[in-house]
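Asks: Put chain C on the given structure of chain B with help from the hints.
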Amino acid sequence: MAQSLPSPAKAQRSADTRAWLIVSGVTVLWLIAYNSVKPLADWLTFALLGLAPGSRLGDAVAFFLYDVPKILLLLTGMIFAISTLRTFFSPERVRQTLGGKREGVGNVIGAGLGVLTPFCSCSAVPLFIGFVKAGVPLGVTFSFLIAAPMVDGVALALLLGLFGWQLAGLYLVAGMTIAIIAGLIIGRMNMERHVEDFVWEIRGGDGAVAEEKYTWTRRFDEAWEQVREIVGKVWPYVVIGIAIGAGIHGFVPEDALAGIMGKEAWWSVPAGVILGVPLYSNVAGVIPVVDALMAKGAAMGTMLAFMMSVVALSLPELIILRRVLKPRLIATFVAIVATGIILVGYLFNLVI
Amino acid sequence: MLNVKVLGSGCANCKRLEQRVQKVLADHGLEGEVEKVTDYGEMMRWNILKTPGLVVNDVLVASGRIPNEDEIAGWLAK
Numbered sequence: 001m002a003q004s005l006p007s008p009a010k011a012q013r014s015a016d017t018r019a020w021l022i023v024s025g026v027t028v029l030w031l032i033a034y035n036s037v038k039p040l041a042d043w044l045t046f047a048l049l050g051l052a053p054g055s056r057l058g059d060a061v062a063f064f065l066y067d068v069p070k071i072l073l074l075l076t077g078m079i080f081a082i083s084t085l086r087t088f089f090s091p092e093r094v095r096q097t098l099g100g101k102r103e104g105v106g107n108v109i110g111a112g113l114g115v116l117t118p119f120c121s122c123s124a125v126p127l128f129i130g131f132v133k134a135g136v137p138l139g140v141t142f143s144f145l146i147a148a149p150m151v152d153g154v155a156l157a158l159l160l161g162l163f164g165w166q167l168a169g170l171y172l173v174a175g176m177t178i179a180i181i182a183g184l185i186i187g188r189m190n191m192e193r194h195v196e197d198f199v200w201e202i203r204g205g206d207g208a209v210a211e212e213k214y215t216w217t218r219r220f221d222e223a224w225e226q227v228r229e230i231v232g233k234v235w236p237y238v239v240i241g242i243a244i245g246a247g248i249h250g251f252v253p254e255d256a257l258a259g260i261m262g263k264e265a266w267w268s269v270p271a272g273v274i275l276g277v278p279l280y281s282n283v284a285g286v287i288p289v290v291d292a293l294m295a296k297g298a299a300m301g302t303m304l305a306f307m308m309s310v311v312a313l314s315l316p317e318l319i320i321l322r323r324v325l326k327p328r329l330i331a332t333f334v335a336i337v338a339t340g341i342i343l344v345g346y347l348f349n350l351v352i
Numbered sequence: 001m002l003n004v005k006v007l008g009s010g011c012a013n014c015k016r017l018e019q020r021v022q023k024v025l026a027d028h029g030l031e032g033e034v035e036k037v038t039d040y041g042e043m044m045r046w047n048i049l050k051t052p053g054l055v056v057n058d059v060l061v062a063s064g065r066i067p068n069e070d071e072i073a074g075w076l077a078k
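In order, the protein sequences belong to chains B and C. Take the first sequence: its letters are residues 1 to 352, numbered as in the UniProt record's numbering. Take the second sequence: its letters are residues 1 to 78, numbered as in the UniProt record's numbering.
Okay, chain B solo, but in the shape it has when bound (with noise of 0.2 Å):
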C-alpha cells in the first residue's frame, strides 16, 4: 500500500499518458497527410479532371486544391501547438511578472507575453483593468495589448504556410517591435487621464480564482477545443481567399500588379493600412489573396503592412476599448500604431 501512487494521481498518470500516445498517433497521421497533398492535388487537376499543366485553368485548379487542404492541415496543427504551449501562460501569472517591472524592459516582456497569452478581444477591456489597477504601467500595457492580436496564431500558421518561416519570422520580429515602440511612446506621454474615470475608481475584489492543476490530458483537451473552435470559424474565409487567390494566380498576367502594388508606388503603402482597418477577422481569407497579389507584383512591405493593418487596427476592439480609454487616447493609440506599420511597410520596401 505504502509504495504504490494513491488511486487516483495513478489513473492520472495513465490518463496523460493515453493523452500523449493519441496526440502523437495523430500528428503521425498528420505529417503523412501534409506529405499526400501535394501528389493528391496534382493527380486530381491533371489525372482525373484530365486538365493540361501549364493551362491557366489547370493552375488555378491545382493551386486550388493543393492550399485548401494544407492550409487547413497547417492551421490546426499550429493552432493545437500554440494553445498547448499556451496554457502555461495565464494573465494572472502575466500581471504579477509586469506588476513591479519598470518602462522598457516591462515594454520588451508585456509584448513577448502578448505573444504567448491566450486572449480574445471580449477581454481587452477586463484585461485593462486588471492590469492598470495592479500597478502595470500604462505603456506596459499597452505593449500587451497591441502585440496580443498582430501577432496571432491564425497569421502566424497562414504565413507559414504560404511564404515559409522566414516571412512569418519577419513578421513576427516587426509585430513585437511596433508593439515595444508604441508601448513605449504612449507610456512617455502620460496620458494616464485619458483612461476613463471608472476605472481608477474600480475597487478590485481581494482575489482571482485559484489556479487549478493543470493536466497534460487537459492541456491537450483544451487545444483541441481552441482547434475546433478557431478552425470552425475560419475556413470559409481560408477557402474562398484561397479560390480569389487562385483566380489571380491562373488568369492575372505577371507583373500586372507592380504598377499600383509594387515598390514604386509609395502612397499603397498607407493605403494598404486602411484598407486593412474595415477587413478585421479576415486574416484567414487576406493572406492567401496577398500570397497570390505578391506573385503578380505586389511589394512586400506593402502587404505586410496592409496585414498588420487587418489584425491590429480592428473596428470592433477599438469600439470595445472605448469603453475604458478616452477619445484622445484611443485616437493617440491608433495614429502610432498605424504609423509603426506605415514605417515597417517602407522599410521593408526598401530593403528587400
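One should not assume that every hint holds.
Mimicking DSSO-like on lysine-lysine, the simulated pairs with C-alpha atoms at most 27 Å apart in a straight line are [as the list claims (entries may be wrong)]: (1) B:326 to C:78; (2) C:36 to B:233; (3) B:213 to C:78; (4) B:133 to C:36; (5) C:15 to B:233; (6) B:233 to C:78; (7) B:38 to B:233.
Simulated from the structure, these hints should not be mistaken for lab results.
Replies: The following block gives chain C in isolation, referenced to the frame of chain B:
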C-alpha cells in the same frame, strides 16, 4: 436558493456559458437564478482578467473559459 452570475460583456462565449448553466440547472432539477453581469465596474469586483466569469453564490469559480457540464454541476451541487 442558488445565485449564479455570468460575468461578460455579451460575447458569444458568455452566451454559451449561460446556456450551459441553465441546462445543468434543468438537468439536475436545481433551483437557481442566473444573472448576467455586463457592467465592467460590477464585474471587476471579482477581479477577473478574462471573460466569461462564473460566480456561484458570490464566489468566483472560473474565468476565461467555458467549463464543462460536470464541472458546473459540481459547483452548483455544493
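Asks: All the hints need checking, so say for each whether the structure fits it.
Replies: Structure-based check of all given hints:
no. : hint          : result
1   : B:326 to C:78 : 43 Å, violated
2   : C:36 to B:233 : 25 Å, holds
3   : B:213 to C:78 : 20 Å, holds
4   : B:133 to C:36 : 24 Å, holds
5   : C:15 to B:233 : 17 Å, holds
6   : B:233 to C:78 : 36 Å, violated
7   : B:38 to B:233 : 25 Å, holds
Hint violations for this structure: numbers 1, 6, all remaining hints satisfied.
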